[in-house]
Each structure stands twice: as C-alpha cells, then as structure tokens.
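Heads up: the protein sequence lines correspond to chains A and B, in order.
All letters in the first sequence, in the order written, are residues 1 to 475 by the numbering used here.
All letters in the second sequence, in the order written, are residues 1 to 245 by the numbering used here.
Certain hints may be false.
What the hints assert, rightly or not - Residues of chain A clear of chain B, computed beta-carbon distances all greater than 10 Å:
#, residue
1, PHE59
2, THR93
3, VAL235
4, LEU366
5, GLY373
6, MET375
7, SER381
8, MET402
9, ALA417
10, GLY418
Stated by the list, open to error - Beta-carbon label-pair distances, calculated as ranges:
#, chain 1, residue 1, chain 2, residue 2, range
11, B, GLU35, A, LEU355, 53 to 59 Å
12, B, ASP75, A, ASP4, 29 to 35 Å
13, A, ARG465, B, ASP225, 29 to 35 Å
14, B, GLU120, A, ARG15, 20 to 26 Å
15, B, TYR19, A, ALA11, 36 to 42 Å
16, A, ALA442, B, MET21, 19 to 25 Å
Think of the hints as simulated: they come from the structure by calculation, not from any bench.
Every residue, glycine too, gets a C-beta built ideally from N, C-alpha and C.
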Amino acid sequence: MKADDLVDLAARNLRESMFRNSLTTLGIGVGVASLVAMLSLGIGLQQLADRRLARSGLFDTIVVTSHRSLRGFGRADNRNEAPPAESPPLDETARAEMARLPDVFEAVPDLRFISEVRYEGKPHLAMVAGLPLSARDKDAFENMQGSFFSSDAADEAILQIQFADELLGIGQKLGESSSKLSGQTQTLIGKELTLRYAERVPSPAAPAQEGGGAGDRSGALKDAPQPPVMAAFSVVPRERTLRIVAVTDQDPEGMRGASGARVFIPLQMGENLHVMLPSGLRGSEPDFSNVPAYPSLSVRVKSPDRVEPVQDAIRKMGFSTFSILDATRGLRRFFAVFDLFLGIFGSLALAVAALGIVNTLVMAILERRREIGIMKAIGASDGDVKKLFLAEAAVMGLVGGMLGVALGWAMGRLINAGANVYLHRQNLPSEELWAVPWWLVAGAIAFAIVISMISGLYPAARAARLDPVQALRYE
Amino acid sequence: MEKSTRAGTIRTESVCRHYPMGDGVIRAVDGISLEVGAGEFVALLGSSGSGKSSLLNLIAGLDRPTSGAVIVNGDNLAEMSSEELSRYRRHSVGMVFQAFNLVGTMTLLENVELPMRFAETERGQRLALAREALQRVGLGGRMTHRPGQLSGGEQQRAALARALANRPSLLLADEPTGNLDSHTGNEILDLLHECNERLGMTLLLVTHERSLAERYAERLVFLADGKVVGEQANAPVSWQEGERQ
Numbered sequence: 001m002k003a004d005d006l007v008d009l010a011a012r013n014l015r016e017s018m019f020r021n022s023l024t025t026l027g028i029g030v031g032v033a034s035l036v037a038m039l040s041l042g043i044g045l046q047q048l049a050d051r052r053l054a055r056s057g058l059f060d061t062i063v064v065t066s067h068r069s070l071r072g073f074g075r076a077d078n079r080n081e082a083p084p085a086e087s088p089p090l091d092e093t094a095r096a097e098m099a100r101l102p103d104v105f106e107a108v109p110d111l112r113f114i115s116e117v118r119y120e121g122k123p124h125l126a127m128v129a130g131l132p133l134s135a136r137d138k139d140a141f142e143n144m145q146g147s148f149f150s151s152d153a154a155d156e157a158i159l160q161i162q163f164a165d166e167l168l169g170i171g172q173k174l175g176e177s178s179s180k181l182s183g184q185t186q187t188l189i190g191k192e193l194t195l196r197y198a199e200r201v202p203s204p205a206a207p208a209q210e211g212g213g214a215g216d217r218s219g220a221l222k223d224a225p226q227p228p229v230m231a232a233f234s235v236v237p238r239e240r241t242l243r244i245v246a247v248t249d250q251d252p253e254g255m256r257g258a259s260g261a262r263v264f265i266p267l268q269m270g271e272n273l274h275v276m277l278p279s280g281l282r283g284s285e286p287d288f289s290n291v292p293a294y295p296s297l298s299v300r301v302k303s304p305d306r307v308e309p310v311q312d313a314i315r316k317m318g319f320s321t322f323s324i325l326d327a328t329r330g331l332r333r334f335f336a337v338f339d340l341f342l343g344i345f346g347s348l349a350l351a352v353a354a355l356g357i358v359n360t361l362v363m364a365i366l367e368r369r370r371e372i373g374i375m376k377a378i379g380a381s382d383g384d385v386k387k388l389f390l391a392e393a394a395v396m397g398l399v400g401g402m403l404g405v406a407l408g409w410a411m412g413r414l415i416n417a418g419a420n421v422y423l424h425r426q427n428l429p430s431e432e433l434w435a436v437p438w439w440l441v442a443g444a445i446a447f448a449i450v451i452s453m454i455s456g457l458y459p460a461a462r463a464a465r466l467d468p469v470q471a472l473r474y475e
Numbered sequence: 001m002e003k004s005t006r007a008g009t010i011r012t013e014s015v016c017r018h019y020p021m022g023d024g025v026i027r028a029v030d031g032i033s034l035e036v037g038a039g040e041f042v043a044l045l046g047s048s049g050s051g052k053s054s055l056l057n058l059i060a061g062l063d064r065p066t067s068g069a070v071i072v073n074g075d076n077l078a079e080m081s082s083e084e085l086s087r088y089r090r091h092s093v094g095m096v097f098q099a100f101n102l103v104g105t106m107t108l109l110e111n112v113e114l115p116m117r118f119a120e121t122e123r124g125q126r127l128a129l130a131r132e133a134l135q136r137v138g139l140g141g142r143m144t145h146r147p148g149q150l151s152g153g154e155q156q157r158a159a160l161a162r163a164l165a166n167r168p169s170l171l172l173a174d175e176p177t178g179n180l181d182s183h184t185g186n187e188i189l190d191l192l193h194e195c196n197e198r199l200g201m202t203l204l205l206v207t208h209e210r211s212l213a214e215r216y217a218e219r220l221v222f223l224a225d226g227k228v229v230g231e232q233a234n235a236p237v238s239w240q241e242g243e244r245q
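Isolated chain A, as found in the complex:
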C-alpha cells in the first residue's frame, strides 16, 4: 500500500474512535510535555550558567605569568622550560605580541596594588585593581549603582559594596553589613576619594624608554641620591584624587577570595600612575630595567573553545599560563548528567503513555477484528495490516508529540514566569531559566513518534497474524 494511502487510512481509522484515541494522544502529549518541560529547564539552566560564566570573564581568560615570577603557574608541568634567568620578561613587547595572536580579543596587564584610600579624611586600606573598558560587560557591573568609567584614562573609581560600606561606616560593628545597594551607597556616587601610592620614577641617568604618563610629579624626591647603575629608579609617594562613579554589590574578583580588589580604576589611568609593584623589586629579576615588567597579564580570547590553542601559543613564547577551562568541562559534564536525569524523569510519563498506546491498539484489534479479516480477504497482506497499525501509532505519536511540545512550552513559560516573580521579590534581576531550542522541538516529536511506533509493534504484529477465516467469523 502507498504511504499516502496508509496515512489516509490510519487517520480515518483514528477519527472513528475519536474519544478513545484523543485520550491516548493526550496521554502522549502529557508525556512529551513533561519531557520537554524537564529538558527545557535543564537546557535553560545550562545556557544561563554558560551566559553567566562567559560574562564573568573567567572562562575566556588566560592568566599569563613569566617564569621569572615566583607566582608563575604550572611549574610542576613545565620542568623542561627555560630557567627563570633565560625566560623572556613579561613586558609591553610581550603583551603586544600576545594581543596579535589569532583569536585573542585583548591582552591587558593585571594591575593591582594595595593602597591607602582616604575618604573624608579617614584612611582605609584597599586592594586597587585596574579594569579595561571591556570589563563593562561583566556580570559584576551589570546591575551596579551608577555608571561605568567614562574613559580608560578618567580619574574615576568603582567601589565594591563591602568597601563602600566601610567608607560609610556600615559593618564596623559585628554582624552589621548591608551588602546591598541602597540609598546610602548611592550617596557615595559623585564624591571623591584620594589614592595614596608609591610611584616608580626612572632616574635621570637611565630614562625610561616610554616616557609620558607619569602625571604630576610635584613632590617627587628630586634630591634623593641616585644609585650608580644603568637602570636605576626612584620611589616617590603620590596622591591622586578620584571621583566615585559606581558601587557594585557583586564581587568582580570573587575567584581571588580575600585578595580580590575592592576599588577599581580605569586600567590606562592605573598604568599611567606607574605604581611601584613588588615585582619591580624582586631579586629574581636579573637586570633591573626602567621598562617595567608586568607581574601577570590577562589574555582574553574570542570564545572559550579557543583558550587551549592560544594557551599553547603563549607557552611557546616562554610564559606560564593558567585558565579554568577544565572547570568548564566539568560543568558541561555536570549539565549533561543533569539533563540525562531530567530526561529520564520526563520520559517516565511518556513510558506510561506508551502503555496507553499498546492498550488502545490492542482494543482496536479486538474491535476491528472483522475489519482486519475483510481487508485480508480483499487483498491486504500481513505487511499492509502491520503497517496500517504502525501508521496509526505514528499518527498518534505525531499529534501527541506536537501537543506535548506546545504543552511543554506553556509549562516552561509558566515555570519561568513563576521563578521571575520570586526573583523580583528577592530584588534580583529577571532570568531566562528555560529554553526550548529547535532541536528539542524536533527531537521531542520524533521521540514521541518512535516511542509510539515501538508501542505499536506488538499490536501491529498481532493484527497481522490474524487468521482471516477466523476474523471473518468474528461477531
């Protein structure tokens, strides 16, 4: 029998027992809906995690250190590397070279230093970090109070909430900490604070290759005695007044734990301060140079899957690298298992629906026993009868699958809406916890058809085996 005749006959047979077949189809629909709702939730959560992790900047970032640095990563794995004295310095030349590598979005110095920050005359100690303008897209700055830096060289600062609380005198007593953006933290925006730091100034005997940007050098210890070496430098105490432009309640450097920065400044402005960093004094540096070496660089690649080749290229340049790509792999494994479990739970309802199909079709064989006999008497083969019953099961699967996808979609939207109401009540931003990609729609419908056809195998085989003479005698 031709396929179109088969589908036509199957559809008209199903229409004849509309109520019972509708209930069976609804059963399949509910099964598929539960499967779609579960998987769409799993996929949604995975996408949310991916989005958040991507925006955290952790998974597309490679931290580069020099072998000269005591903080170099992966020493245990790099026993064949060049000795520290022979390894290249992590300076501007190296940074520019890394920035030119394929798939590299940017390579920025990891500028951070401990500084005294004065606010309303009171001194506070804080870790200060420089941020490139690209950090604007990070989660931590998404819902902050105020606005991001106006430019890369602006005298502006963004405060982390705990430090803002400290400046406001909140949290001085035990157990008292708001850690929430409020009207009080809002009052800090637009106010000024003073950064006190030590500037590294090249000595006149060996001027820095890159001059400029030292800023105001008034108050420098010009009369200090110069060491009789080619690359001498002075350390000069400086002050810089910064305007507070924002307060964030997130922790942009959460992965650094207690050493995470509490005050953020524009990276270019921070570099122009020429802050004396501990690495500049380290004895492992073979030759002091007036071209400062960076303690570490953050290299951002265009997508997390390009981390590995870029990491290899940087290692070939003679530097140590670190990324938490492996953590992403672990996360993906977790979500694969999570989705599998959700799928299994979602499929339970479909398994029950499959039993419904078997029941419906076995009942149909009993009811249509004579009809099967007639069909065989007028020329239907066993295969035709089998295919007809399988087609009926497939049509129920198709309709049930489409119904299930629609129901699952509605359930997912409902769960999402409910979750967002909860998030709003917790003063948290809305999230898309749920996603139905096209492959899930197609896959769920195909799965429903396959399950239905598998369920129809036994009834179809039973119908095909019917003896036409016996079937024609059946009343």
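Please arrange chain B on chain A, whose structure you already have, making use of the hints.
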C-alpha cells in the same frame, strides 16, 4: 454471447482441510478433487457443515489445505507464501459473503476503493473504477452512504461492486442470498450471473438452495461431510427468462 477464454481455471486435487478439535479431528474438507473451467458458473450445494464454505476459503486463498493441492490459473495455492497468497486474493479473486462484510465506518465509495488501495492503483483511476463499479450495480446515487444506511440488498450489491473492483478472473460467492429475501436474492444472483456472462469471470457459488443454483449455475456439485457426493450438469434458465421479460 461468447464467453471469454481468460484465466480462471480451478483444480483441486484430493484437497483436505482438517481441524483438530480436542482429541479428534474435524474433516471439513476431506479429499475433494474438482475441476472448474475458465468462465464456468458452478454451484456448490450441501447442507450446513458439508464443507462448501471451507472449500471456497481454500480456493479463495484465505485458508491453506492440510493436504492436497488447490491449483488456480496453473499455480498451486498450497505452495504460495503468505505474501503471494495476498497478491493472488488482491488481483485474481473477488469475494461476496453472506454477511456482506463491508467496512461499516467507510462510505460505499471508500469500501469499493479499498481493494484498489492495496493494489496501489493510482488515486484518480481508483475513484473512476469505484464509481463505475457502483454504477454497474445500480448504486450510483448512494456512493457517499455508509453500509448502515443501506438495505441488505444494497449492501450486497456494494459488496459485489467491491469484488469486481480489481477485475478478478474468479468470483467466489459464499451464500450471497442467505441474508436477503427471495426477490432481492434473485436480483443479486442476476448481477452475479451477468458478471459471469458478460465479464467472463469464473463463478463459484456456495448455496444450500438448490432451486437458486438450478436457476443460474451450469454445473451443480453436491457436498456432504467434506466430500463430493454428486455432480450434475445444469441448464440455467434465468438468463433466458430475463431476456424473455
């Protein structure tokens, strides 16, 4: 009118169909040897349980003999596979039953179309042939009716139209008038006779009404206890009567 010489020959050779029943065996057909020529109209007569319907089912390819051979158009049905038997039923046999056996959920047109669906006849041709067959049996105006909306005679005529759909060489009628009054029964037999005469189909009629058989059949075969107990040539009178009228 000259009869066609097309295929439609039947030969059974010591054919048996035994059914196990408890410790014993029911010998529904017990060594019947019979020969029917192409285009012949033969009536199988006998009381209930004589084996005439069982023999018809064997010739129709609906059942397989326990032993012996059923040779139709030169092919032994006993040696055919299930698929070959269904193809044989589809293309070579048209059946009319006592209980009409129309599919109650289908219209008459759909019922008549059904064997052509199994024969994979193209849709347009299928519809045209189904309409033609229904018109031939006088049901041109009832094509969209379902069997439940028709009288017994009309249902049997629809069943005959369906049997003719694939232009078979063999027409097998199992008590076609059993559920009909005598007038309607005569109408149906007239139609069967017409198919035999005009289309040259071999016609095997199972009936227990001797008068009916004598009226239409060319040969009468008497069965009892699964055996042929008598055979006689017959000169049918119905057609001549019909012509005189």
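> What are the numbers of the hints the structure violates, in ascending order?
Replying inline: 5, 6, 7 and 16
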